[in-house]
Amino acid sequence: MSEPRTLSQKIWDRHVVTAGLGGDPDLLYIDLHLIHEVTSPQAFDGLRLTGRSVRRPDLTVATEDHNTPTINQDQPIDDETSAKQIETLRVNTEQFGIVNYPMGHENNGIVHVMGPEQGLTQPGMTIVCGDSHTATHGAFGAIAFGIGTSEVEHVLATQTLPQTKPGTMAITVHGELDPGVTPKDVILHIIGVIGTGGGIGKIIEYRGDVFEEMSMEGRMTVCNMSIEGGAKAGLVAPDETTFAYMKGRPHAPTGTDWDAAVADWQTLVTDEGASFDEEVVIDAAEIKPQVSWGTNPAQVMPIDGVIPGPDDFDDPNLANTAARALEYMDFKAGTPIKSVAVDTVFIGSCTNSRIEDLRAAAAVAKGRTVAEGVRTLVVPGSGKVRAQAEAEGLDQIFRDAGFDWREPGCSMCLAMNPDKLQPGERCASTSNRNFEGRQGRGGRTHLVSPQVAAATAIAGHFAAPSDLD
Amino acid sequence: MKAVRIVSGTAVPLDRTDVDTDQIIPSDWLKRVERTGFEKGLFSEWRDDREFVLNQEQYTGANILIGGLNFGTGSSREHAVWAIQQYGFDAVVSPRFADIFRNNCTKNGLVPVTVSDEFNAKLMAAVQADPTLEITIDVERLTVEAPAIGLETTFPLDSAVQERFLEGLDDIGLTLRHESDIDSFEAGRKPWMPAQA
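Line by line, the protein sequences are chains W and Z.
So for the first sequence, my numbering puts the first residue at 1468; every next one is plus one.
So for the second sequence, my numbering puts the first residue at 1146; every next one is plus one.
Check the hints yourself; a few may be wrong.
To be verified - Taking lysine-lysine pairs in the DSS-like style, the calculated list, with each CA pair at most 27 angstroms apart, reads:
#1 Z/K1252 x Z/K1147
#2 W/K1477 x Z/K1335
#3 Z/K1252 x Z/K1185
#4 W/K1887 x Z/K1185
#5 W/K1833 x W/K1755
#6 W/K1851 x W/K1714
#7 W/K1714 x W/K1755
#8 Z/K1335 x W/K1632
#9 W/K1632 x W/K1477
#10 Z/K1147 x Z/K1185
#11 W/K1551 x Z/K1185
#12 W/K1833 x W/K1851
#13 W/K1887 x W/K1551
#14 W/K1851 x W/K1887
#15 W/K1714 x W/K1477
#16 W/K1632 x Z/K1252
#17 W/K1714 x Z/K1335
#18 W/K1805 x W/K1887
These are computed hints drawn from the structure, not numbers from a lab.
If you're wondering where the values come from, they're calculated on a predicted model, not measured in any experiment.
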């Protein structure tokens, strides 16, 4: 009988091409490589310089997302540098024989929305992308992580990566969530507990009733933000919810392959008796709807609370960071967050732009009106999500309420396209990072769930849906 | 990658925790398709403040950057490493680096020097007190020292990574030595796994 192993150890072991000795990196096989326009151009240049080719173009898929505008996608892009970067991706994928879903294509979308939607993301796989939110795909029980451009080049050339085996971490959330508490609140709460560096060097396995009962899209929201807790990756063991979500997707196995695949995927669980390097246990009842108040994603608070001050932190590092954040955010400690007005509301990003997110936001917006002077953007994660939302009439609900319904892309999550905050503007955002200037120079970002974002747009200040009644 | 054995010189004390990659190089700079020219983007928002440490004359010419806890947190952008290097830094010292940033450092010959909280605080304070303090980082011995004040410690680096630093080896070239292993691994690939036609 072999030693009991955790889920991430099992997947890792399956992909070791050659084992590193004495703590040296293993050579890890990569099953799927997703690429986009921002982190790939210098990698393709590297291949040309060294006369190398792409080893497995058939295991590589590209999409255009970071730079793409969210209006008039049928027109050429105005911004010349953005246009050039997109054009470079098209030339590179064409030259090296890689499938690309260009802006406007029905399969185009944010890379971490597109992959699962196409059935490219499957349990037990290793998936990489030159984007730190690649952990999203861990929701299917895959090891998925972000890489830099040198590593993108490495995977293109070899379909492998030398990788030091990460540690293991279990985050168990047991019990039942209060009504109104969403997957976004769960992960923001977790990051608040473990801190921005809590997961460094580790793969997190999310365990317990809360994740077992969570939808696939909710699990994607949770896994997506693993990197915000510093983790290499995050994953959830595949189960019937996973298989039901995957079945019938374009790249999902069919026929006898499907049965064989499911039989294999069912073995992808942490063995009884396997131990984790670190374990965190959280009671679901403690989790309240969250808002971030500072400039890193661990600086979160319940929406019913007041903004903390440096004195609330025993650790001098955290106290100093809080003081800087309060200054940047223009906040006084002790202010109730619900009294804070916003200029902009952004619903979108690889964290919260899937159909369930849009349904949840639309349910709050329905029959109501956006507060005077609040700019709103609703940006679906992909062409497919957009089409589905329009088929369900969600676009009309948003429009009737005064929300701006857009075309797909990363948009205001990172402000590489024209959707940006102006200096000093405050935004309730369903994205994943509240760093200084993340959504535009001088902008102030507050991370929230789609439900809180929609309620905040209606109220004009931070609000939970229940505050609107 | 260029071989790196010894980094010695003076340092800039960037006494902040959670220095994220959006601060190191804001996203506007990521639209470029080139690999050079990122030095102007380094900390560009913070550099608007004349008091910001990189703008202080006494630190001109420094080639070692000392940061706080969780340095390089955030996105996978390798542009952050390129910007730091192209500005003139050869090493970054911190008590804890974000994983992807640290990996990106090792692919480019920027030495990530992980030290204890205590050592980092001492070195930071020493450089704040004396900007001319000479620091030496030895990749062969895996030591960082400031002999003038008797400060010395070791730092970790995988032996494979250390060898690449010392020899300036091409990572992809090293992997391609295992091409036949990759071939045999691929032969066992599950038939249902996704592939493009």
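Evaluated hints:
1. Between Z/K1252 and Z/K1147 the CA atoms are separated by roughly 10 angstroms; this keeps the pair inside 27 angstroms, and the hint holds.
2. For the given pair, W/K1477 sits about 15 angstroms from Z/K1335 by alpha-carbon distance, which is consistent with the 27 angstroms threshold.
3. Between Z/K1252 and Z/K1185, the direct Cα distance comes to roughly 22 angstroms. Compliance with the 27 angstroms bound is thereby established for this hinted pair.
4. Straight-line distance between C-alpha atoms of W/K1887 and Z/K1185 comes to about 22 angstroms, which keeps the hinted pair within the 27 angstroms bound.
5. Taking the CA atoms of W/K1833 and W/K1755, the gap is near 24 angstroms; set against the 27 angstroms cutoff, the hint holds.
6. Restraint check: the Cα-Cα separation between W/K1851 and W/K1714 comes to about 17 angstroms, which is no more than 27 angstroms; the hinted pair holds.
7. Between W/K1714 and W/K1755, the direct Cα distance comes to roughly 33 angstroms. Violation of the 27 angstroms bound is thereby established for this hinted pair.
8. With a C-alpha separation of about 23 angstroms, the suggested pairing of Z/K1335 with W/K1632 holds against the 27 angstroms cut-off.
9. About 12 angstroms separates the Cα atoms of W/K1632 and W/K1477, which keeps this hinted pair within 27 angstroms; it holds.
10. A hinted pair counts as satisfied when its Cα atoms are at most 27 angstroms apart, and Z/K1147 with Z/K1185 qualifies at roughly 22 angstroms.
11. This hinted pair checks out: W/K1551 and Z/K1185 have alpha carbons roughly 21 angstroms apart, not beyond 27 angstroms.
12. For a cut-off of 27 angstroms, the pair hint linking W/K1833 to W/K1851 stands: about 22 angstroms separates their Cα positions.
13. Proximity of W/K1887 to W/K1551 is assessed by CA-CA distance (about 20 angstroms); at most 27 angstroms being required, the pair is judged to hold.
14. For the suggested pair W/K1851 and W/K1887, the alpha carbons sit about 24 angstroms apart, so the restraint of at most 27 angstroms is met.
15. Between W/K1714 and W/K1477 the CA atoms are separated by roughly 23 angstroms; this keeps the pair inside 27 angstroms, and the hint holds.
16. Under the criterion of a C-alpha separation no larger than 27 angstroms, the hint pairing W/K1632 with Z/K1252 is consistent with the structure, at around 17 angstroms.
17. The straight-line distance between the Cα atoms of W/K1714 and Z/K1335 is roughly 17 angstroms, inside the 27 angstroms bound, and the hint therefore holds.
18. For the suggested pair W/K1805 and W/K1887, the alpha carbons sit about 24 angstroms apart, so the restraint of at most 27 angstroms is met.
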